[in-house]
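Undergrad: Each chain, written out:
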Amino acid sequence: MSDVYALIKSWSILERMLAFVLLAPVAGGVLAGIDRKLSARFQGRYGPPVLQPFFDVFKLVRKERIIVNKFQDFPIVLFLLFTIFAGALFFAGADLLLTIFSLALAGTFFVLGGFCVSSPYSHLGAEREIIQTVAYEPMIILLAVGMYQVTGSFRVGTILRHHGPLILYLPGVFAGFLYILTIKFRKSPFDLSMSHHAHQEIVRGITTEFSGPALALIEIAHWYETVLLLGMVYLFFAFNPVLGFAMVAATFLFEIFIDMNYARFRWQLTFMSSWLFTAVAGVSNIIVLSLLR
Amino acid sequence: MNAVIFLIVFPLAVSFLALVPPLSLAVRKAVGVCVNLVLCIVPIYLLVTNLDREPAFYHLESSLVNGGMLLVELLLAVFIGVVSVRAKRYLPLLLVVVQSLIMMTFEFTSGHGIEIEHTLFVDRFATIMALIVGIIGSAICLYAIGYMPEYHEHYRQVKDRRAYFAFLMYLFLSAMFGIVFSNNLQWLYFFWEITTVCSFLLIGYRDDAASRECAFRALNMNLLGGVVFAVGLFFLYSSSGVMELDKLLRADKGMVLFPAACLAFAGLVKSAQFPFSSWLTGAMVAPTPVSALLHSSTMVKAGVYLILRVAPVMEQTAAAKMLTLIGGVSFLVTALIAISQSNAKKVLAYSTISNLGLIVACAGVNTAAAVWSALLLIIFHAVAKSLLFLCVGVVEYKLDSRDIEDMDYLIMRLPKLTAVMMIGMAGMFLAPFGMIISKFITLKAFVESNPAMAVVLAYGSAATIFFWTKWMGKVISIKHGVAEVVEHRVSRWEWVTLGILAGATVAVCLAFPYISFHVINPYLREMFGETPVVDTFNVLTVFVIMLGLLIILPAGLFFYAFIDKNYKRVGTYLGGGNIDNITFEGAMGTSRKIELKNYYLERYFGEERLFNAGVFVSLTLMFIMFGVAVL
Amino acid sequence: MGWFKRSPWVLHYNATSCNGCDIELIASLTPLYDLERFGIINTGNPKHADILAVTGSVNEKSRQVVRNLYDQMPNPKVVVAVGICATSGCVFQDCYNVLGGVDKVLPVDVYVPGCAARPEAIIDGMLAACDILEEKYVQRKKSRRGVQP
Numbered sequence: 000m001s002d003v004y005a006l007i008k009s010w011s012i013l014e015r016m017l018a019f020v021l022l023a024p025v026a027g028g029v030l031a032g033i034d035r036k037l038s039a040r041f042q043g044r045y046g047p048p049v050l051q052p053f054f055d056v057f058k059l060v061r062k063e064r065i066i067v068n069k070f071q072d073f074p075i076v077l078f079l080l081f082t083i084f085a086g087a088l089f090f091a092g093a094d095l096l097l098t099i100f101s102l103a104l105a106g107t108f109f110v111l112g113g114f115c116v117s118s119p120y121s122h123l124g125a126e127r128e129i130i131q132t133v134a135y136e137p138m139i140i141l142l143a144v145g146m147y148q149v150t151g152s153f154r155v156g157t158i159l160r161h162h163g164p165l166i167l168y169l170p171g172v173f174a175g176f177l178y179i180l181t182i183k184f185r186k187s188p189f190d191l192s193m194s195h196h197a198h199q200e201i202v203r204g205i206t207t208e209f210s211g212p213a214l215a216l217i218e219i220a221h222w223y224e225t226v227l228l229l230g231m232v233y234l235f236f237a238f239n240p241v242l243g244f245a246m247v248a249a250t251f252l253f254e255i256f257i258d259m260n261y262a263r264f265r266w267q268l269t270f271m272s273s274w275l276f277t278a279v280a281g282v283s284n285i286i287v288l289s290l291l292r
Numbered sequence: 000m001n002a003v004i005f006l007i008v009f010p011l012a013v014s015f016l017a018l019v020p021p022l023s024l025a026v027r028k029a030v031g032v033c034v035n036l037v038l039c040i041v042p043i044y045l046l047v048t049n050l051d052r053e054p055a056f057y058h059l060e061s062s063l064v065n066g067g068m069l070l071v072e073l074l075l076a077v078f079i080g081v082v083s084v085r086a087k088r089y090l091p092l093l094l095v096v097v098q099s100l101i102m103m104t105f106e107f108t109s110g111h112g113i114e115i116e117h118t119l120f121v122d123r124f125a126t127i128m129a130l131i132v133g134i135i136g137s138a139i140c141l142y143a144i145g146y147m148p149e150y151h152e153h154y155r156q157v158k159d160r161r162a163y164f165a166f167l168m169y170l171f172l173s174a175m176f177g178i179v180f181s182n183n184l185q186w187l188y189f190f191w192e193i194t195t196v197c198s199f200l201l202i203g204y205r206d207d208a209a210s211r212e213c214a215f216r217a218l219n220m221n222l223l224g225g226v227v228f229a230v231g232l233f234f235l236y237s238s239s240g241v242m243e244l245d246k247l248l249r250a251d252k253g254m255v256l257f258p259a260a261c262l263a264f265a266g267l268v269k270s271a272q273f274p275f276s277s278w279l280t281g282a283m284v285a286p287t288p289v290s291a292l293l294h295s296s297t298m299v300k301a302g303v304y305l306i307l308r309v310a311p312v313m314e315q316t317a318a319a320k321m322l323t324l325i326g327g328v329s330f331l332v333t334a335l336i337a338i339s340q341s342n343a344k345k346v347l348a349y350s351t352i353s354n355l356g357l358i359v360a361c362a363g364v365n366t367a368a369a370v371w372s373a374l375l376l377i378i379f380h381a382v383a384k385s386l387l388f389l390c391v392g393v394v395e396y397k398l399d400s401r402d403i404e405d406m407d408y409l410i411m412r413l414p415k416l417t418a419v420m421m422i423g424m425a426g427m428f429l430a431p432f433g434m435i436i437s438k439f440i441t442l443k444a445f446v447e448s449n450p451a452m453a454v455v456l457a458y459g460s461a462a463t464i465f466f467w468t469k470w471m472g473k474v475i476s477i478k479h480g481v482a483e484v485v486e487h488r489v490s491r492w493e494w495v496t497l498g499i500l501a502g503a504t505v506a507v508c509l510a511f512p513y514i515s516f517h518v519i520n521p522y523l524r525e526m527f528g529e530t531p532v533v534d535t536f537n538v539l540t541v542f543v544i545m546l547g548l549l550i551i552l553p554a555g556l557f558f559y560a561f562i563d564k565n566y567k568r569v570g571t572y573l574g575g576g577n578i579d580n581i582t583f584e585g586a587m588g589t590s591r592k593i594e595l596k597n598y599y600l601e602r603y604f605g606e607e608r609l610f611n612a613g614v615f616v617s618l619t620l621m622f623i624m625f626g627v628a629v630l
Numbered sequence: 000m001g002w003f004k005r006s007p008w009v010l011h012y013n014a015t016s017c018n019g020c021d022i023e024l025i026a027s028l029t030p031l032y033d034l035e036r037f038g039i040i041n042t043g044n045p046k047h048a049d050i051l052a053v054t055g056s057v058n059e060k061s062r063q064v065v066r067n068l069y070d071q072m073p074n075p076k077v078v079v080a081v082g083i084c085a086t087s088g089c090v091f092q093d094c095y096n097v098l099g100g101v102d103k104v105l106p107v108d109v110y111v112p113g114c115a116a117r118p119e120a121i122i123d124g125m126l127a128a129c130d131i132l133e134e135k136y137v138q139r140k141k142s143r144r145g146v147q148p
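Chains as they are written, first to last, in numbering that gives the first Met the number 0: chain A, 0 to 292; chain B, 0 to 630; chain C, 0 to 148.
Worth double-checking, as some hints may not be accurate.
Label pairs and their calculated CB-CB ranges [unchecked claim]:
hint : chain 1 : residue 1 : chain 2 : residue 2 : range
1    : B       : Asn611    : C       : Glu59     : 40 to 50 Å
2    : B       : Ser237    : A       : Leu291    : 43 to 53 Å
3    : B       : Leu509    : C       : Arg62     : 57 to 67 Å
4    : A       : Val29     : B       : Val532    : 33 to 43 Å
5    : A       : Arg64     : C       : Tyr95     : 37 to 47 Å
Derived lysine to aspartate or glutamate pairs resembling EDC-like cross-links, with alpha carbons at most 16 Å apart [stated by the list, open to error]:
hint : chain 1 : residue 1 : chain 2 : residue 2
6    : B       : Lys567    : A       : Glu63
7    : C       : Lys103    : C       : Asp93
8    : C       : Lys135    : A       : Glu63
9    : B       : Lys246    : B       : Glu525
10   : B       : Lys564    : A       : Glu63
11   : A       : Lys69     : B       : Asp563
It is worth saying that the hints were derived from the structure and are not from the lab. All of these numbers come straight from a predicted model, not from anything done at the bench. Where a beta carbon is used, it is the ideal one built from N, C-alpha and C, also for glycine.
One chain only, chain A, in its complex shape:
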């Protein structure tokens, strides 16, 4: 275990980025498959095979490419590109804020894709996607702020090497992050803009007019994003790698559990409760830290 860790630490930036680009979709797909299998088991069903997301993507790639307008796939390509870029930056140890802003850029492209097809379902889905983004954006920035306050740096590399347990100083920030993680993973109760697997929301929400290869790209982008977000969770527990991985797994299971137990919220509730929870958990943590230092 520690040999692997030492090996990863010895890689250069480019090697780390490459590892992320190649391995993250595999990990993300397996995670998505575990998600579906576990959800099914919670519901007393058998559920699809764990590798089902890969089957889905391979099938989607082989479908005929149908479009509503000629340019609708371009924003999706850019969405994927910038999600990969954000994740690569993160795992290369770069600045956390830059990762967040790249992710925001990717999200904007996704929303623009939903808007440009100009269909009622995708329009509603895109509007809700914006509301989701606005709901989680403050907390994610406060995550970076909190990390800076404890470690004195925004760089992921520095945060990773920090000797103290970040979770001890940032419990509020972590709680807030968990809350919005449900939004970012697109799980109930916050899966407003599009729905995963067997659920439907406004038919397919923002992805209504995308099919075949474009849909496959969206799916892969979500895998990359999952790995990136779990990486951010790991940062809180980076002082002990074993604990870190355990908590990442626990968080993922927690998200699945929440997904199974809650029905979808109205968008007003999502928006307001996220901002409120951010204020109560995240802001108070930040203020306490600033008073202590």
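Using the hints, position chains B and C against chain A.
TA: Using the frame of chain A, we list chains B and C on its own:
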């Protein structure tokens, strides 16, 4: 020094030239191009020659000029008095009377025969402002030459006073150069008041009831700022015998805190921070070049310029904290209000106030990093916002509407204009453009000194994402089939200025490392003795993203437009009831069209409620600020 | 590789059915019968679907709708007529208000008789549809390669 004087005097001369009886449009255009080219080149020359020099101070011996300024001020006061009496509004009259009394008292008592060591100066901050005024100002004036004929075609009831309009625009440019180069605070005050009057006259250009109302509101607020400015100057000289900016910065802080707070107040009014924001949103009735020049890139920047200059005096005091909070409140509240607005110019106005609030907050914090980001914000905002205003001006004509909800399918009707508009919008909130770099650095500056402001910044940037993405989505919607392309009716003249500004938005972002290293850092070294550490990896990454986008976007669009043939076109999903892409079969065999509108969340971000809350909070903060300064 | 067999997504449309077959179709997604273990997802969007499962014998109102949905599905696609009404119209065959089966409007690949069709039969039909889907994909690939010299 000659360049400085030239920059102040030349536009003044041009403004009088503009009053000459109307020549043909072609001659006016030719003259305009020459004049504006000069106005662009001289600040660049100034930058290049001053790049490695220390700030230069100049002495200008001229009691004649001082006397002339006093005379002009009195004449302006009379003029404003007459105009307001004629319009039966007595507040401006009261304010100019008070103001004149203060100035006259000052002139004939303690202020008589002041020895001014340096009247004008040039340093890097002033050079940056001069570049903004020169380049963006000339681009907008150029645009106005083509815009005004169309304006008068559209609004036939408005009296054609084009020469008067040009006179005011160039007079304003001259006054702006005066503000940024003045070391003598009396001169600065003089130029400040001239911008107030220009703004008043330009807002009221249409001369109908609504315009007059808004013009007078702007006049009242700015005159109030002017009165407080005058009071500040009076106190300053009486208490410490200082009438120059550089001496103000070196004086004993305890003595000059109150005058500095007065000057900061004047700056807050000029930049339309809470509680004085309503004049800017009202000023949107003016023709678009006015909005672009005065109310987004230059005059309101004069306000934050003054605040940034006097901020070191207030540093580390509670007054500075209040300043930061006022800026923060303005930033957050206006960003939230902008979500509920559908009038395009109002959205732009609120966005402007929001960004200015951020700059004011940085000024209040006043660390090297904060001032760095403030300067970058000034540059990036001026460029992107003026571009957006000009685009909205064109769109307003073609669509006969300022409402965002009418901008459906804009990319099909005005493709190139929409592309330029999207550059402007992206420049306001997306990576890798300048604003996001500035927000990045601002966040770092705030985290180190004032974490509460970091929270405000977090919520505020979330709000800005909302209304910009909404708008972008609206203009980018595509509907296969019918949409008349009205592009050919946009004049080439307007294209030139739009192109310049769009190019500037991109160029300024690419050149940001250069600007930061060669221009801003030396200024910071003078002020703070240190410069913020820039992470070269970050800069490189931003650069890479920018270049990547510059290559991928056109390539991708070209590919999808012309090369990619492997697709099948189907209709949008309308529940299977498609008649065509936007019509579906409704109940009882009717056919219904789909209409897509944005969310405005008026219940949460309604203008009135939030505005009143903002005014209330900021008034409280303002009283605290003055209270601290006085005691 | 059989990707279509492992991940067929169903669009379920009710064309004037009495809802009996629809209930059975939904029931086959429930834990007792669990269609999802084959990777089948009930998607409401034709653009995401491979299999169009139609219940009910089509009438004039739903004829154009079924056609629209079918057209908006990307190839390869199969149509499954679920229930005897969708197959042939059953007792309503000669009524003036129904067309008498989906195959009067679309090319049907699998017929699942029954009134209402039992979940086991539906699952059987879906799996047969998956095989046909796979065949269609192979054929499309061959014909596209054949077109290019």
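Undergrad: That 37 to 47 Å hint for Arg64 (chain A) and Tyr95 (chain C) (C-beta), does it hold up?
TA: Given about 42 Å between the Cβ atoms, the range holds.
Undergrad: Quick check: does the Cβ-Cβ distance between Ser237 (chain B) and Leu291 (chain A) fall within 43 to 53 Å?
TA: 45 Å, holds
Undergrad: For the pair supplied as a hint, Lys69 (chain A) and Asp563 (chain B), confirm whether the alpha-carbon distance does not exceed 16 Å.
TA: 9 Å, holds
Undergrad: Is Lys103 (chain C) close enough to Asp93 (chain C), meaning Cα to Cα at most 16 Å?
TA: OK: Lys103 (chain C) and Asp93 (chain C) at ~13 Å, within 16 Å.
Undergrad: Using the beta carbons of Asn611 (chain B) and Glu59 (chain C), state whether their distance is inside 40 to 50 Å or not.
TA: 58 Å, violated
Undergrad: Is it true that Val29 (chain A) and Val532 (chain B) lie within 33 to 43 Å of each other by Cβ?
TA: 41 Å, holds
Undergrad: Determine whether the Cβ-Cβ distance between Leu509 (chain B) and Arg62 (chain C) falls within the hinted range of 57 to 67 Å.
TA: 58 Å, holds
Undergrad: Need the status of pair Lys564 (chain B), Glu63 (chain A): alpha-carbon distance at most 16 Å?
TA: 12 Å, holds
Undergrad: Is it true that the CA of Lys135 (chain C) sits at most 16 Å from the CA of Glu63 (chain A)?
TA: Given pair Lys135 (chain C), Glu63 (chain A) holds - Cα atoms ~12 Å apart, limit 16 Å.
Undergrad: Lys567 (chain B) and Glu63 (chain A): Cα distance at most 16 Å?
TA: 8 Å, holds
Undergrad: When you check the alpha-carbon spacing of Lys246 (chain B) and Glu525 (chain B), does it fall within 16 Å?
TA: Answer holds: Lys246 (chain B) to Glu525 (chain B) is near 15 Å, not above 16 Å.
Consistency with the previously given hints fails for number 1 only.
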